[in-house]
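Enquirer: If you want the building blocks of each chain, they are given just below.
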Amino acid sequence: MVAQESHQHSAPQGFIRKWVFSLDHKVIGLQYYFLALTAVFVGMFLSLLMRIHLIWPTAVLPLLGEIKPETYLSLVTMHGTIMVFFVLTTAPQGGFGNYFLPIQIGAPDMAFPVLNMLSFWTTFVAYVVMLAAFFVVGGAPLHGWTGYAPLSALQSAGPGQGLGADLWITSIALFCIASLMGALNFITTTLDMRAKGMSMMRMPLTCWSWFITAILGLLAFGVLLSAGILLLMDRNIGTSFFLPLGTINGQLTGHRGGSPLLWQHLFWFFGHPEVYIAILPGMGVTSQVLSTFSRKPIFGYKAMVYAMLSIGLLGFMVWGHHMFMSGMSPYTAFAFSIMTMAIGVPSAIKTFNWLGTLHKARIRFQSPMLFAIGFVSLFVSGGLSGPFLAQPALDIPLHDTAFVPGHFHLIMGVAAIFGIFAATYYWFPKVFGRMMNEKLARIHFFLTLIGTYSVFMPMHYLGLAGQPRRYSQLTELAYLHPLMGLNTFMTYAAIVTVAAQLIFLFNLFWSMFKGPKASDNPWEATTLEWTTATPPPHDNFGGRTPVVNNGPYEYSVPGATRDYVMQSDPATVAAH
Amino acid sequence: MASFTPTIPAPHPTTSRGKHGDLPPVVGGGDGGRPDPGSPDYGARLRRARLGLAVALTPIMMLFVAFTSAYIVRQGLPTFDPNTNTVVHDWIPVQLPTLLFLVNTCVLLLSSVTIECARRQLARQVALEPVHSIPGVSLGAERKFPWLALTLVLGLCFLAGQWLAWRDLAARGFYVATGPSSSFVYLLTGGHAVHLLGGILALLAAGVSVLLNRPLASRRIVVDVTAWYWHFMALLWIYILALLEFAH
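Respectively, the protein sequence lines represent chains S and B.
Counting with the working numbering, you get residues 1 to 576 for the letters of the first sequence.
Counting with the working numbering, you get residues 1 to 248 for the letters of the second sequence.
Bear in mind the hints are in silico, worked out from the structure with no lab data behind them.
Beta carbons are placed, not taken as given, at the ideal position from N, Cα and C, and that holds for glycine.
A hint or two may mislead.
As the list claims (entries may be wrong) - To spell it out: a stretch of chain B is covered by chain S in this simulated footprint if at least three of its residues, at any positions, have a beta carbon under 8 Å from a beta carbon of chain S; those stretches are:
1) 54 to 62
2) 68 to 76
3) 176 to 188
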């Protein structure tokens, strides 16, 4: 491995080169992070509107008026799309990955800085195009974040299915290209730019998670891009890839012979790995934080790496479990079901290793640790409903009920968000040179943990009781009347949870300027980012080239002078 | 952790380049990323660019894998005919302009050969450059055939040939939306053409770098990577042609 690389570019001087069209991976990482921060508040606002509409369907909201059924569906679509693509894919990988992957492996920058900049700005354009869908004639599309054909493939299928849907697909296609550029950079950087001594098996688990996520993205986003191209052709050129013979408003559509299921296959071949793209970086951060604040080496480092690799591999073989309702052959469904439940094995390995790391540890309950433990909790409670839905016999009655949103919000939504929070609290001192307020962080943690559980746990119960998802109005269904009290509780819980995020927002920006100064290594952690100055200089190590002599999680090493040995310290551990 | 051994005092960490101190300064930092061709950086940059290309080819492959699976699935699908109330197969094979496609294939393969010549010529130039800079040493007049320009022309010829093929298809009534098979012919050939256009733009960039008098090594890296990309495009085209010819 090449240890020394000349930095690809010198430190820029002007504002535009330094903060706007920057080639510095740290600035690009922050750009991704703040893009995701705006996106998460947009997405959260949309979900709040949905929750309010569900219990007060005729309420006239200030500035927005009454939410019509089609508006509700466009809220569902845009909430899902913005959260999945512009928050869960963007912040953990584009944000933290960009900022810390090069530093943690001891590189001065990403392998291709210009590509990195292009990747961010393409994401930005995709984001603007996505938001623009709100403001065109007909509004945002109705087809959900999964964009199922034929609804998504016909211009005349609904109010948002005209220009709004075209913008939606264009945005997704741009996002695919941006993510591919990003993934290319991550993989090349990880393989080619590690510092001397930083073997693959000495990389922090965060780097492993970003690396595996990049591989998943590399394989998955090309397929989504192809599906998007086919969909655009169906919509605008008159082809029939996804459109069977059909009528709309009593008239033949002119399309024939296409297969809506083909869209589902292509979409979910991307869509399932996407779930792991969202959650794997959270797993990496959780491992990192748990080890640091337990003052113990991560339990089973190699097992963690292999578990992530096998989750990534299996993730490509299970997309059919999203389609049990599509009339697929029971034999095919059985195969997909078995593969899906097999993912439980590496997931359980990871969970037990996290618990093993916590076992008998001298735990420091600081805010990053709280969120990492919260991640483990959410991963377990969200993950346990996975094997339910993995079985066709159970999935078919549960499929279009609130059980499914309950499941994926806990594991993919909230758990991944907790990963982002843990990373934010953990790395904030390094990025901004100041500490975040611990008291506010604790309030934020407990409100968010209890709040999100209160919103999403009852969804499982509602689903079992038969409450359908994607319905704009539930108040008209007599059998759901007994459930409305619970729905009202969930809406209030959602309002409290959203309000709690304002505490986070305040803490973030207040601490950026007013927080107490942070030392170079406030958590007494071992990885390379804590060896450099705070905040890191332009070339990350101030002209030095780090050399790695130790594994990433050498805490409580017998015989060492401190309870941790940094990766760049002289070798103290002979055998790994 | 039982495997831990007691502390062993280790010498100061050293790097492969540092001889005196433990922390040598980064060599070449802030030079705008253009070290002279003889610097060891050049080999690392070339290797990194090649690795990047190999990674970048993966999603392109996935794109066409997805198109292929859609092609095969769509080909086997029956469709309902409302006139006869029966389920029929509406896959009407497109009569491909085979001869034209074969000519285009030859042009593309030839361009693959010429870009390989360009790649090797540049590699030789880079290798010999240090010798050129020695005063009083002459290697004689190097034959410099314009392989790159020739590749560019052949690439544009291929695209023009594809354009003629599409015109030919349209003249015989096969438009993009005519039927599922014609949609895929346009999709696959068009997708390939767009990717080849990317290669042509890279070659143009390499040509512009000659005019801008950029270092030879930088140009060599661009041409090297583009050449591998170009070979991939040739293989991809043969694959697409085989798919269209034998699975129509």
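Enquirer: Each hint needs a verdict: does it hold in this structure or not?
Expert: Hint check:
Counting residues of the stretch 54 to 62 of chain B whose beta-carbon sits less than 8 Å from any beta-carbon of chain S gives 7, enough to reach three: the coverage restraint holds. Under a criterion of three residues with beta carbons nearer than 8 Å to beta carbons of chain S, the stated coverage of the stretch 68 to 76 of chain B is upheld, 4 such residues being counted. Given a C-beta distance limit of less than 8 Å, the hint that chain S covers the stretch 176 to 188 of chain B holds, as 5 residues qualify and 3 suffice.
When each numbered hint is compared with the structure, no violation occurs for any of them.
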